[in-house]
Every structure is written in C-alpha cells, then in structure tokens.
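Using the sequences and the hints, build the whole thing.
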Amino acid sequence: MSGEGNEPQAIRKLQPGKLVIASHNAGKVREIAALLEGRGLDVISAGDLDLPEPEETGTTFVMNAELKARAAADLSGLPALADDSGLCVDALGGDPGIFSARWGGENKDFNHAMGLVEDKLAAQPDAPRDAHFVCALALAWPDGHVEWFEGRVDGTLVWPPRGTKGHGYDPVFLPIGYDITFGEMDEPAKNEISHRGDAFRQMVAAVF
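Numbering of the sequence shown is given in the UniProt record's numbering, commencing with residue 1 and proceeding in unit increments.
I should point out that these hints are in silico values taken from the structure, not numbers from a laboratory. One or more of the hints may lead you astray.
To be verified - So the derived label-pair ranges between C-beta atoms look like this:
no.	residue 1	residue 2	range
1	ASP154	GLY40	16 to 24 Å
2	ASP179	ALA122	16 to 24 Å
3	GLU187	TRP159	19 to 27 Å
4	ALA127	PHE208	37 to 45 Å
5	GLY93	ASP143	19 to 27 Å
6	GLU192	THR60	25 to 33 Å
7	ASP179	GLY94	19 to 27 Å
8	TYR178	ASP90	15 to 23 Å
All C-beta atoms in this analysis are idealised placements derived from N, C-alpha and C, irrespective of residue type, glycine included.
Given below as structure tokens:
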C-alpha cells in the first residue's frame, strides 16, 4: 500500500545513502537495520541524531508512523523511515493497539505491559487468547512525500512470558503454527514471519 494510491508508477524509489530510522527504541532500530541490510543505505537512528520524539496523536498505526517519519525527515533533511506497531488482543477489543508502548508507563516497561494484558485476560477466564501484531511503515522525504505499508501476523498469547530475545510483547506472543514465542525465536526466523517482516517485504518490493 502506498501513500500515493495503488498504482506502481506512483511509488517513489529510495536511493542509496543516509536513511533516518525515526525511533529511539534500540531493539526496534536493530531489527529494522537488519531488514535493510545490503540495500546500500547508511542507517542512523533518531536517537543518534538527538531528534525529539514527536507526540503520537494519530488514531491509527499508519497515522502515527507517518507523523514520526515526517517529523524526522523535516528535522534531519534526510529520508526517514518510521514504524508504528503494536499488539491487538481480540478479547480486549483490540487493546493495547496503538497504545502498546504506553501500557508500559513512562519508562516503557514491557514486563509491566505484558502483566497488565494478562491481568485483563485473567478477569475473563473464558475469553479467547487470540491476538495479532500490526506494523505500519511510513517512508517520508524532506519535501513531504510519504509512502506507507502495513503488515500483520496472527497468534495467541501465552503466560508466563517465554524467551529473552526480541523486544516489547514478543515473550508472550505465540505465532500460529509455531511452538515457540517471538521471544524465543532468533531474529532471522522471526523476520521471516513477523508483522514487521511482512511490511518490509512490501516496502522493498515497492521502493527499491
């Protein structure tokens, strides 16, 4: 999906050179850098550039990703890629959704966030534990042009958390067809099936 509609000729190609990853989350930056390896890009993070984190006022993953990408491109004068992603739990009406990081509090403590999700599910003992991750990517240029892509992966939630790999809610997310959580999965294997990997494959096909 492109910000310019679905016609392939409308998609702007990304040229080799510097690309800002509009995130201060080291785990997310590392994962994105791995997905972009071999594309001729010099990846730098918003944290490396001391760029401020804009307030995420959007009501969808795509809106928040675009907001972050535009802000980073404007301030850096470079193309910027932003990811807005989160966990959506069916029995919680899609929460935490776009507020996934905020459920961790000011310190973005995901152990706290995972516990909060589990507490809410425990209050509904018969509720299904189905959940999915969404990843929206927005690629913005300093002139205001934006392309966006959205990926998804479905699974169920486990408790207690399993594994120390990955980041965020990965230790409680069991993807469909697997017996290990994202938190137990090596990064290359996770990228093959993850919401972020899905969105990146769409982006790579479109802009490179």
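Hint by hint, where does the structure go against what was stated? Just the numbers, ascending. 1 and 5
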